[in-house]
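Chains as they are written, first to last, in this note's numbering: chain A, 1 to 80; chain B, 1 to 80; chain C, 1 to 731; chain D, 1 to 234.
These aren't lab readings, by the way, just hints derived from the structure by calculation.
We put the beta carbon where it would ideally sit given N, CA and C, even for glycine.
List time: in silico BS3-like cross-link candidates among lysine-lysine, alpha-carbon distance up to 25 Å: (1) Lys3/B to Lys11/A; (2) Lys41/B to Lys11/A; (3) Lys3/B to Lys20/A; (4) Lys76/B to Lys20/A; (5) Lys41/A to Lys56/B; (6) Lys65/B to Lys20/A; (7) Lys11/B to Lys76/A; (8) Lys20/A to Lys41/B; (9) Lys41/B to Lys140/C.
So, partial list: chain B residues that the calculated Cβ filter (under 10 Å) puts toward chain D: (10) Pro17; (11) Gly19; (12) Ala21; (13) Gly28; (14) Leu29.
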Amino acid sequence: MMKAVVTVMLKTGVLDPQGKAIGQALHGLGFGNVGEVRMGKVIEFELAEADPAKAKAQAEDMARKLLANTVIEGFKVEII
Amino acid sequence: MMKAVVTVMLKTGVLDPQGKAIGQALHGLGFGNVGEVRMGKVIEFELAEADPAKAKAQAEDMARKLLANTVIEGFKVEII
Amino acid sequence: MAKDVNQALAREFGLSADEYARVLDIMGRTPSLTELGIFSVMWSEHCSYKSSRVWLKTLPTTAPWVIHGPGENAGVVDIGEGLAAIFKMESHNHPSFIEPYQGAATGVGGILRDVFTMGARPIANLNALRFGDPKLPRTKRIVDGVVRGIGGYGNCVGVPTVGGEINFHPAYNGNPLVNAMTVGIAARDKIFLSAAAGIGNPVVYVGSKTGRDGIHGATMASAEFGKDSEEKRPTVQVGDPFTEKLLIEACLELMATDAIVAIQDMGAAGLTSSSVEMAGKGGVGIELDLDAVPQRETHMTAYEMMLSESQERMLIVVKPERREMAQAIFEKWDLDFAVIGHLTDTGRIVVKHNGTVEADIPLDPLAEQAPLYHRPIAETPKRPSLGPVVDTAGLGAALETLIACPDLASRSWVWDQYDSTVGGQTVKRPGASDAAIVKLEGRARALALTTDCTPRYVLADPEAGGAQAVAEAWRNITATGARPLAITDNMNFANPEKPEIMGQFAAAIRGMAAACVALDFPVVSGNVSLYNETEGRPILPTPAIGGLGVLEDAAQAVGVALTPGLDLVLVGSTAGWLGQSLWLREIAGREDGPPPPVDLAAERFNGDFVRGQILQGHVRACHDCSDGGLLVAIAEMTMAGTAGARLLPGPAGVAPHAFWFGEDQGRYILAVPDAAAVLQAAAFAGVPAIRLGESNAGDLTLPDGTTMSVAALRSANERFFRAWMDEPGQA
Amino acid sequence: MKAAIVVFPGINRDRDMAIALEKCSGRTPRMVWHKETDLEGVDLVVIPGGFSYGDYLRCGAMAAQSPVMGAIRAHAARGGHILGVCNGFQILTEAGLLPGALLRNANLRFLSMDCHLRVERADTDFTSRYQTGAVFRSPMAHGDGNYFADDATLERLEGENHVAFRYVTLTGEPTASANRNGSARNIAGIYSANLRILGLMPHPEDLVDPLMGGTDGKPLFDGISAALSDTLAA
Ligand SMILES: Nc1ncnc2c1ncn2[C@@H]1O[C@H](COP(=O)(O)OP(=O)(O)O)[C@@H](O)[C@H]1O
Ligand SMILES: [Mg+2]
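Kindly generate the complete structure, drawing on both the sequences and the hints.
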């Protein structure tokens, strides 16, 4: 049993209005030292698979097929 | 300059409709070995702060005040 | 969870010493934890109406067109052509304070289930909202979350949100009100009820899995908020509108067959209240095997499963020979389906888990010996009359101030976030008419829907305020041309154990009942939300009314938008009543005096006249006069339309500010091509009516000569919400 | 014209679409459950609006993986006509049948209101009943309608004249304030290269009846019905 964590972020160059709004709100709360903010998604799941390399390949396959839209998003897979 | 990564997930026990639907979709795509899926948010930003401990404390403060809805969500802060 | 069941624990569960003694008496032994849990939720204020029942019984609930009044999941009225409208309003006040988005969203989900569980396809949602002082950052956060939550759920399930109301007052600072209403349509002879029948019939659980959500939500909804409300947070539930949409479609598909004996949504107190009520109403026993309950979490106890308030679940008694077919339908929609028990002839609810009996309670005493309180009442003292109030502002400046104030500012920022057109039947969207008009698919017939209540009137005089709320709902429906049929209500009050609060409640009911009788407008469903206080500060008494009317031909509906070239006629009489008016509050800075009296006979007379004029085709636009009075109503008509207006001076003997801003009841403004004909008809009918002026393609010109551009008025009217919510740097 | 409306779980403007199609074509469209895989004999496949799979994860992402998508791709490959509205547009982009993607509205709020659309070309099977440059009103209702494509794709869409509609003012100006969801170049709808697939965010199907406030959306459905009917029903 492995745990996969897939992090999906908008590609640089794709405007991220949520990140921007969070940045503004943080400034409004007095966190003036915050730079550009980007917001993404993280998808965590258990995988019935013993081999970490295979688990990673599978999770990447899932990311390409469903979890990320590669027109606008990039992704990163971690197996724990 | 530090980079903070705040991961926000629904607390265990709180229904995660998105995770549930993603799990079903992954099964539908033939990834039958996927267990429970949880989906969360990740917020990344630069922080003009030299001391990692201080940066962490600040990011945690931001998470409590804004980034996470602590009624239903928990969070994790990493400083890179 | 090895807790000792004793009086102390019972108190923690919200049962008084007397109530716990009664439990011991019924059981003849110390109850198990699960049993105590069942008693505590069934006897909570929320489920048992123990403080309000004696008063609710006095409301008129019948009319020839009423098919099912209060007592079912929702009210049912005959709307002609073999169809029934099914509707109800329900509160989600406490959850919305704790977690505005999810609280409001699950409120919408819950009321939808009350309606489709009876066989109706939901066709419209409305919401009646009350928030605290807009200057508080917390109010802004709550408004934002509640509006997003209502939209998030309603938009996703695909039921148009077509109307509602919003008020602000500091009395709601720690206790906002979120009342959601759903209206559905069913065939008149295919209404599904909750009374279980057929010994041995399987009891089926469908929908989402059960988790540890909102355990003790029903008792929480029945308790006053204190400082420790933060600690109560984990009881918040997350809504899943996608699953709800599937549940609607699957249930309607099953309802098209003959498989269902009885059906009931799992609302507050989940499996407990649904199984107890179904069996109780049917006079049968029920046995549940919790091992079969679809579970989202591991190691759940019987207590947790019985009290869980996980959303998007239903309980159905099916005919045994239809079980497989029913299962196939729910599986098609990817929903859980499990037989979790059967009906028995024991008259008891028996709950088994892991091979042990966790609860075994006789149903009759659980229902019949539920507490019923005649709580002491203190009548609200009458307010002294206002006396003369001088005008220091002038008409134009007062109008500008009023239309920009939070209570009168345009709500378009809100309804722009609600899908109001999905379904393709919305004839009058929010803002277009006094009641929203939603057509019935494939027919000319339409429903007129509104929610109304003026809490400041109710506070000043609960009886007059209660009557006014019903009358305003009736008036809003009438102003579209529709015939008002029935109402649902949501009685939002503070702590009923305080005599002055119970006095408000009783008087409001008295006023409502009188108005219902006079206007032939019975109550067919409703909800009570008590203990709306935070740290001893009560909310304004708020009996929110949801009204429903019918229009035989949707094409006859009129809205409020004014076009050029029409005469403006005022129907109803104007004494210039400034007590409790918005003018008094916003311009003179006073919240006092008695509220405007409601003359129910005149109300009916004037309204019947106006409806007749509309249905005869004599009226191009119509708007009732309510908050802000006559001049505000006219300004609203110009802002909604494409016209200005020139107004004549009011009658001698009424001061101009009192005439133009007084909130006398029972009045309508009609925009008509021919004032003379309407005035003549009014005179003939004995209805007071005067010509106020005419509409044109230009500005709004007041009788004192002040000229105001409609575009400028509109931007003043639009400003409050957008500046408050969308401009950075606002509180 | 034989039209089919694809129903994914969570779709909610299927009935609106059926009413509009029936009104304009005179024929009741076939409702196709997303698990069906046969679209033989269908002239126009319509993917209506709603919240397929709750819009969870990403709007349209899960629907794009549904069994019926194979048949829809085959229909497209045969040169068949496809109309995707709102969630249908999102699904078509997720499935790669139209370029680009629909991001969260720029103001991060659901937008439900009327908008004005400019018809960029009237020589397609969908828009022949409008004039090029005509402005028509349409309801819209979405949380993720902010059209995005990389610059090269946008240039290609513009260069090949594949932009179908733009958000404009009443007088036809593609201003920033008319573009409430923040779409690239005010784009409200686009065509495939063969002009037979149209995706758009607003809901012309909700404005085909004077009772609902107008008939501005009707020419779209009249046009496509006429183009695809053997016996002209109009
Ligand atoms: N919470 C809301 N949701 C949707 N529409 C709303 C809401 N609040 C107000 N509206 C709409 O705004 C318009 C004006 O409301 P209101 O001022 O209460 O009208 P009136 O005083 O005539 O009853 C109505 O069309 C109403 O349905
Ligand atoms: Mg109202």
